[in-house]
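Student: Sequence:
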Amino acid sequence: MASVSASASTPWSPMIRRRNEGRGKAFRSMGRSRDLARSPPTCSVATPSMPPNRWPASLLLVAPGIPGGDPRQGAEPERGAQPKEAPRDESGERRPKRMGSLRDELLKAKIVSRKEVRRAAHEARVRRKELGREGLEAERKAAEERRKTEEAQRKAAERKRVRREQTARAEQERQNRLKTIIRNGMLPEIPSGPRRFYFVATDGKIPFLQIAESVATRLERGELAIVEAPGFSPDGFVLVTREAAGKIAEIDPERVRFSNAT
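In the numbering used here, the protein residues as written are 1 to 262.
Among the hints, a few may not be true.
Claimed, not checked - Subject to a maximum C-alpha distance of 27 Å in a straight line, what follows is the list of computed DSSO-like cross-link-like pairs (lysine-lysine):
{"id": "1", "residue 1": "K205", "residue 2": "K160"}
{"id": "2", "residue 1": "K115", "residue 2": "K129"}
{"id": "3", "residue 1": "K148", "residue 2": "K160"}
{"id": "4", "residue 1": "K141", "residue 2": "K129"}
{"id": "5", "residue 1": "K247", "residue 2": "K179"}
{"id": "6", "residue 1": "K205", "residue 2": "K179"}
{"id": "7", "residue 1": "K155", "residue 2": "K141"}
Claimed, not checked - Label-pair distances were calculated between CB atoms; the ranges are:
{"id": "8", "residue 1": "R159", "residue 2": "E134", "range": "14 to 24 Å"}
{"id": "9", "residue 1": "R159", "residue 2": "E213", "range": "54 to 64 Å"}
{"id": "10", "residue 1": "T167", "residue 2": "P191", "range": "18 to 28 Å"}
{"id": "11", "residue 1": "E144", "residue 2": "K179", "range": "24 to 34 Å"}
{"id": "12", "residue 1": "A212", "residue 2": "E171", "range": "22 to 32 Å"}
These aren't lab readings, by the way, just hints derived from the structure by calculation.
Keep in mind the model is a prediction, meaning the values are calculated, not measured.
Every residue gets a Cβ at the ideal spot worked out from N, C-alpha and C, and that includes glycine.
Construct the complete structure from the given sequences, taking the supplied hints into account.
Tutor: Have a look at this one:
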């Protein structure tokens, strides 16, 4: 095999030229095998017009620094190259390592034994075989329907609970407003006298107030009104001003048991 010298067009010609200048005649006197081992082999097909990825395999094996060369021959990674990272999801977060199955977690926690796991798996296989594909599909649809029904019932119960709470809260606020109006508009004391003033209570009974004539006159003129207010007096009835009676009637008309206000 004749020795082929590297031409100036090959990519190794500068390296060979430097070697020849430094070694002189000693380089030319070396054996052919050593000369071939030191200098990269050339091939008539490995020309600059052919991309490196199409060079012969024999050339790639001995040229680890060439792009596309065999990495087993000592090809070094590019300077500044970063190690591969774990894959990321669409949001850019690294994907967590795949966790073990629920069965493995239960076994690890010693909640179930391997025998129980095998028995459950066997029963599941037998059930799938008995039901078949159509049976499994029907069972899946039935389970989905049950889930939807239970979800609808849960939402309906939640709506009822919320409405009850809202109603109770509104009633409590209403009672608080009534108490405030009565407390601010009632007469501290009912002047007693010979006059019995009868009226109809909310329960249908006809009680009376023992009041003075002046108070009865004010009731007849509409200046005062009788309001049913448990807890504010021993008999549960108080006298309030015309303005207070009007406010009470807006909130709870049944509380006003007598009023001549127009």
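Student: Hint check: K205 vs K160, CA-CA at most 27 Å. Holds or violated?
Tutor: Distance ~37 Å between K205 and K160 Cα, so the pair is violated.
Student: Can you tell me whether the CB distance of E144 to K179 sits inside 24 to 34 Å?
Tutor: Given about 53 Å between the Cβ atoms, the range is violated.
Student: For the hint 14 to 24 Å, verify it against the beta carbon of R159 and that of E134.
Tutor: Given a distance of about 38 Å, which is not inside 14 to 24 Å, the answer is violated.
Student: Do the beta carbons of T167 and P191 sit within 18 to 28 Å of each other?
Tutor: violated, 40 Å
Student: Can you confirm whether the C-alpha distance between K115 and K129 stays at or below 27 Å?
Tutor: The hint holds at about 21 Å.
Student: Within 22 to 32 Å: is that where the Cβ-Cβ distance between A212 and E171 falls?
Tutor: violated, 37 Å
Student: Within 27 Å, alpha carbon to alpha carbon, are K148 and K160?
Tutor: holds, 18 Å
Student: Are R159 and E213 spaced within 54 to 64 Å by their CB atoms?
Tutor: holds, 57 Å
Student: Within 27 Å, alpha carbon to alpha carbon, are K141 and K129?
Tutor: Within the cut-off at roughly 18 Å; holds.
Student: Does the alpha-carbon distance linking K247 and K179 stay inside the 27 Å limit?
Tutor: holds, 11 Å
Student: Check whether the Cα positions of K155 and K141 lie no farther apart than 27 Å.
Tutor: holds, 21 Å
Student: K205 and K179 were given as a pair; does the straight-line alpha-carbon distance stay at or below 27 Å?
Tutor: holds, 23 Å
Of the numbered hints stated above, those contradicted by the structure are hints 1, 8, 10, 11 and 12, listed in ascending order.
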